[in-house]
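One letter stands for each residue in the lines below.
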Amino acid sequence: MHRRTVLVRLIQSIHALMGATLAFVVGGAAVAPSFTRRPSSWRRAADLSGLEDGTPKPVSLRIVRSDGATELIDRRIVYLVRSGDSVRALDSTCTHLGCRTRFNPDLKRIECPCHGGMYDVTGRVIGGPPPSPLQTLPTRIENDRVLVEI
Amino acid sequence: MFARARSLAARSAEWLDSRTGYRALLDSALREPLPRGTGWFFTTGSVITLLVGVQFVTGIGLSMYYLPAPALAHDSVRFIMTVVPLGWLLRGLHFWGASFLVVAAIVHMLRVFMFGSYKAPREITWLSGVLMLLMILGFALSGYLLPWDQKAYWATTVTINVAKSTPLVGEYVADIMRGGPDLGALTLGRWFSAHVFLLPITLVSLIAAHIALMRKHGISGPLHPEPGPATTFFPWHVIKDTVMMAGVFASLVTIAVLFRAPLDEVANPADASYVPRPEWYFLSLFQLLKYFPGPLEPIATMVVPGVVIGFLLLVPFLDRAADRHPFSRSRRAFTAVFVAIGIGVGALTAVGLSDRPRESTVVTNTFDDDAAVAKDIYDTVCFACHKLGGDGGTVGPNLTHVGSRRDYDKLRAIIADPLAAYDESVMPPFEDKLSADQINALARYLASLK
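In order, the protein sequence lines correspond to chains A and B.
Sequential numbering from 1 applies to the first sequence in the working numbering.
Sequential numbering from 1001 applies to the second sequence in the working numbering.
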């Protein structure tokens, strides 16, 4: 190989190696935290005796979570729908584009104010653009206390 | 498959060139003729370019996590060091890169001076270089404060007080640097802004001007050019630049891997036991201050640095003879002054390094009674679940600045019986484990942590 070509290849390789090292460190630090997930925990949401059968009750759950270098207290709204001795917990986040839904007690349905998404009291889509039902969260009942995993 | 991809790439490059003319630009950049004999001494500028690039790229990475507020800055740097994957290395490269950059800038200036490269017609190129050296020191100084640790706080306090000694306008300069009557959020905000916006814009502009001027006048080349035709910059000199850059880069990565960038305790203005010391590149000024006490202080803070900078700015206009050799008759005096400055800075730095004050063994009264009681309780009880100033568990919320979120009454209620304050909590009640006085002292102390 020609001497000049060897030099050019060597220059290119060294610069590529330095660039790759920097990209690995900066890119790794920039990208890696994006894929961490918040661990779930069980939260007391309500007393079973305080829930009306078939009527979603919005409850606010307090979550202390890491937020980068800080910690913050977040609040998530969950609908609790009692059905006999069992309770279904529905995340209030619309599955269309993430707006906060609200329960319309007159029409007995959950509505999204952003783009008109509608869900029935079990979280099933009954109208509008949402592609899937409201997310159901795991629940358990201990001594009349309703616990939700969030 | 490969042939089609190569053909597509070639056609794309052709199209791009027809629209931008980038090949001609690249050719003119790479085919710069260099005087024969241009050797390794002329690679120092490329090393600075590399190190500035490293500082920019790592600085962008750090800015994704850094929070420029006194209540959050230290925690965010600790977060970078301990939680962000490779964050310790990212900060290490930036921290040590600053020292490398100062050394590289000094070495480059030394080379330019010794080769007489500042002489006509390159006076403005030299001036832009001197300004860049000052910018690099400005970066180092403004970067100091950002971690908001003890060193940051006290080094900035000293810097602002040094600025105060400026004749006539000192008080105003200090007020502007502080952003208000006290060192705090307003100070950190403006130093952060200077570090990530003002100084980078200025430095990039100066680098662009410096390179454009270098291309306009060509490089000065060796003191005694070798006979023969000029060589082209690429690849005959670029290979030397690349090897030198690779050596420096490998050294920087090695040091960043082997030595963690330090982070002191969070800034504590009440801690009288802390002995502030600057980084090595400001140690000469720090040491000089010791020899000019009281009313003579402006000699160390203003006169001596002013004379040195003045000499550097004026030297191309004073040394007008054509001879470039550093020991030629016309240059001897200038070289002597330059060497004297170098020896002075070096000697002061060496004395400063060895002149370490003994660590204070006197326990100063940094905490009041509440703090002393609270510290005992924290160390034995709260530590397992809560962080305070960077140490402690992560089960419960970080208490470092809890006073900014909760008042005394609320804190007292939570410590006594968390379930009375919250619907759900894993924290046990302490009303039966601590006395009322202890709970009150702890709540008062925590409420004071703003």
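By construction, these hints were calculated from the structure, which means they are not laboratory data.
Note that beta-carbon positions come from the ideal geometry of N, C-alpha and C, so glycine has one too.
Warning: the hint list may mix true and false statements.
Unchecked claim - Far from chain A by the CB rule (all over 10 Å, computed), these chain B residues:
#: 1; residue: Ala1029
#: 2; residue: Asp1075
#: 3; residue: Arg1078
#: 4; residue: Pro1181
#: 5; residue: Val1204
#: 6; residue: Arg1260
#: 7; residue: Pro1276
#: 8; residue: Gly1396
Unchecked claim - Here are the computed distance ranges between Cβ atoms for each label pair:
#: 9; chain 1: B; residue 1: Leu1289; chain 2: A; residue 2: Asp67; range: 41 to 47 Å
#: 10; chain 1: A; residue 1: Phe24; chain 2: B; residue 2: Leu1296; range: 40 to 46 Å
#: 11; chain 1: B; residue 1: Glu1431; chain 2: A; residue 2: Gly50; range: 25 to 31 Å
Hints versus structure:
At the 10 Å boundary, the C-beta of Ala1029(B) stays outside the reach of chain A, the nearest C-beta of that chain being 14 Å off. The Cβ of Asp1075(B) sits about 4 Å from the closest Cβ of chain A, inside the 10 Å cut-off, so the non-interface label is violated. At roughly 7 Å from the closest C-beta of chain A, the C-beta of Arg1078(B) falls inside 10 Å, breaking its exclusion from the interface. For Pro1181(B), the condition that its CB be more than 10 Å from all CB atoms of chain A holds, with the nearest at approximately 27 Å.
Here Val1204(B) stays apart from chain A, with its beta-carbon at least about 18 Å from theirs, past the 10 Å limit. Distance check on Arg1260(B): its Cβ is at least 14 Å (rounded) from any Cβ of chain A, clearing the 10 Å threshold; non-interface status holds. Under the 10 Å C-beta cut-off, the non-interface status given to Pro1276(B) relative to chain A holds; the minimum distance is some 25 Å. Listed as outside the interface, Gly1396(B) is inconsistent with that label: its C-beta sits roughly 8 Å from the nearest C-beta of chain A, within the 10 Å cut-off.
Between Leu1289(B) and Asp67(A) the CB atoms are about 42 Å apart, so this pair conforms to the stated range of 41 to 47 Å. Here the CB-CB span from Phe24(A) to Leu1296(B) is close to 52 Å, at odds with the stated 40 to 46 Å. Evaluation of the 25 to 31 Å hint for Glu1431(B) and Gly50(A) yields a pass: the beta carbon distance comes to about 28 Å.
Checked against the numbered hints given earlier, this structure breaks hints 2, 3, 8 and 10; the rest are met.
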